[in-house]
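Listed below are the residues making up each chain.
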Amino acid sequence: MHKLRVPGVIDQVRVACDFVKNLAHQAGMDDRFMFECELSIDEICTNIIEHGYQHNGADKSIEIRVEMLPQVWRFTILDEAPRFNPLITDDPDPSQPLDEREQGGWGIYFVKQYMQRIAYRYENGRNCLVLEKALPT
Amino acid sequence: MMAINVTAHQQVTVVEVSGRVDGMNAGELGGAIGSAIDNGGIYLVLDLSQVDYMSSAGLRELVNSFKKAKRAAGDIRLAQPSERVREVLEMSGLDTVFRIFNTQAEAVASY
Numbered sequence: 000m001h002k003l004r005v006p007g008v009i010d011q012v013r014v015a016c017d018f019v020k021n022l023a024h025q026a027g028m029d030d031r032f033m034f035e036c037e038l039s040i041d042e043i044c045t046n047i048i049e050h051g052y053q054h055n056g057a058d059k060s061i062e063i064r065v066e067m068l069p070q071v072w073r074f075t076i077l078d079e080a081p082r083f084n085p086l087i088t089d090d091p092d093p094s095q096p097l098d099e100r101e102q103g104g105w106g107i108y109f110v111k112q113y114m115q116r117i118a119y120r121y122e123n124g125r126n127c128l129v130l131e132k133a134l135p136t
Numbered sequence: 000m001m002a003i004n005v006t007a008h009q010q011v012t013v014v015e016v017s018g019r020v021d022g023m024n025a026g027e028l029g030g031a032i033g034s035a036i037d038n039g040g041i042y043l044v045l046d047l048s049q050v051d052y053m054s055s056a057g058l059r060e061l062v063n064s065f066k067k068a069k070r071a072a073g074d075i076r077l078a079q080p081s082e083r084v085r086e087v088l089e090m091s092g093l094d095t096v097f098r099i100f101n102t103q104a105e106a107v108a109s110y
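These protein sequence lines map, in sequence, to chains A and B. Following numbering that gives the first Met the number 0, the numbering of the first sequence begins with 0 at its first residue and continues without gaps. Following numbering that gives the first Met the number 0, the numbering of the second sequence begins with 0 at its first residue and continues without gaps.
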């Protein structure tokens with residue numbers, strides 16, 4: 000398993016993205032796989048920093064674990080923000096007119112399009128989001 | 000990582016963006032477009048041909064800028080989004096909100 004722990008500030012999102020992209024590159028994954036993993040990690044980390052830490056997470060962390068399993072890559076993202084399950088919110092509707100849309104919710108919506116499994120749990124005082132991405136066939 | 004170049008083509012303001020648009024710098028893009036609108040440049044073309052990555056934070060700024068332009072009786076039209084940017088526009092249904100053109104010249108000429 001590969002692991003990265005960064006402070007909960009916005010400029011660290013790119014560090015997290017590069018960590019995942021480099022692993023995918025080293026493993027010989029194609030551009031699409033890398034993009035879908037990168038965008039997913041970006042959206043989750045940005046949500047944690049903006050909403051969980053309210054842009055005040057310099058003394059808190061985001062931990063990313065990557066397990067390269069035979070069929071899937073499993074990403075586990077842990078944060079110390081107040082308990083929140085991002086999977087309980089309704090998905091935004093892409094067909095809804097702009098004026099009727101609520102702002103937000105698109106990040107996790109994109110993650111749902113790109114990942115085959117998403118699960119949330121709260122353990123040891125941390126939010127824990129698990130994403131699974133199937134390997135290209 | 001991101002560069003913004005704003006130029007006037009008669010009544011049309013062209014905003015050329017290059018690089019990566021994400022949560023770290025999306026506000027900068029929104030600010031640049033907002034300033035152009037405040038200065039009277041309400042007919043905008045956003046050239047995305049050199050943007051290789053845009054997250055939902057970037058889309059949020061596009062939507063806010065679009066609403067601001069519409070309130071001023073203007074518009075924002077997109078030129079040449081890359082494959083990856085077009086993909087996130089389509090996933091969020093914004094490809095039916097914005098008018099999207101294959102080239103900057105076509106987008107400018109559409110006004």
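Mixed in with the good hints, there may be bad ones.
If you want a taste of the chain B side facing chain A, the calculated C-beta under 8 Å gives, among others [to be verified]:
(1) M1
(2) G18
(3) G22
(4) E27
(5) S55
(6) L58
(7) R59
(8) V62
(9) V87
(10) S91
(11) G92
(12) I99
(13) T102
Hints in this document: simulated from the structure, not taken from any laboratory. Backbone N, C-alpha and C fix where the C-beta goes; we use that ideal spot for every residue, glycine too.
Is the interface hint satisfied for G22 (chain B)? The criterion is a beta-carbon contact with chain A at less than 8 Å. This interface hint holds because 4 Å falls under the 8 Å limit.
Can we keep the G92 (chain B) interface hint, with Cβ of chain A closer than 8 Å? holds, 3 Å
Report holds or violated for the interface hint on G18 (chain B), using the least CB-CB distance to chain A and a cut-off of 8 Å. violated, 12 Å
Can you verify the interface hint for L58 (chain B): is its Cβ closer than 8 Å to any Cβ in chain A? Hint on L58 (chain B): holds, closest Cβ of chain A at ~6 Å, below 8 Å.
Agreement of hint R59 (chain B) with chain A interface, Cβ distance less than 8 Å: Holds - the Cβ of R59 (chain B) comes within 8 Å of chain A, reaching about 7 Å at its closest.
Quick check on the hint: T102 (chain B) CB to chain A CB, less than 8 Å? This interface hint is violated because 24 Å lies over the 8 Å limit.
Can I99 (chain B) be said to touch chain A, with a Cβ gap under 8 Å? violated, 15 Å
Hint M1 (chain B) vs chain A: min CB-CB distance below 8 Å? Status violated, d = 12 Å.
Can you verify the interface hint for S55 (chain B): is its Cβ closer than 8 Å to any Cβ in chain A? holds, 4 Å
Under 8 Å, Cβ to Cβ, is where E27 (chain B) needs to be relative to chain A, so tell me if that hint holds or is violated. violated, 12 Å
Mind checking the CB of V62 (chain B) against every CB in chain A and telling me if the closest is under 8 Å? At about 7 Å, which falls below the 8 Å cut-off, the nearest Cβ of chain A leaves the hint on V62 (chain B) intact, so it holds.
V87 (chain B) was flagged as interface toward chain A. Is the shortest Cβ-Cβ separation under 8 Å? At 7 Å from the nearest chain A Cβ, V87 (chain B) passes the 8 Å test, so the hint holds.
Violation of the numbered hints given earlier is confined to hints 1, 2, 4, 12 and 13; the remaining hints are satisfied by the structure.
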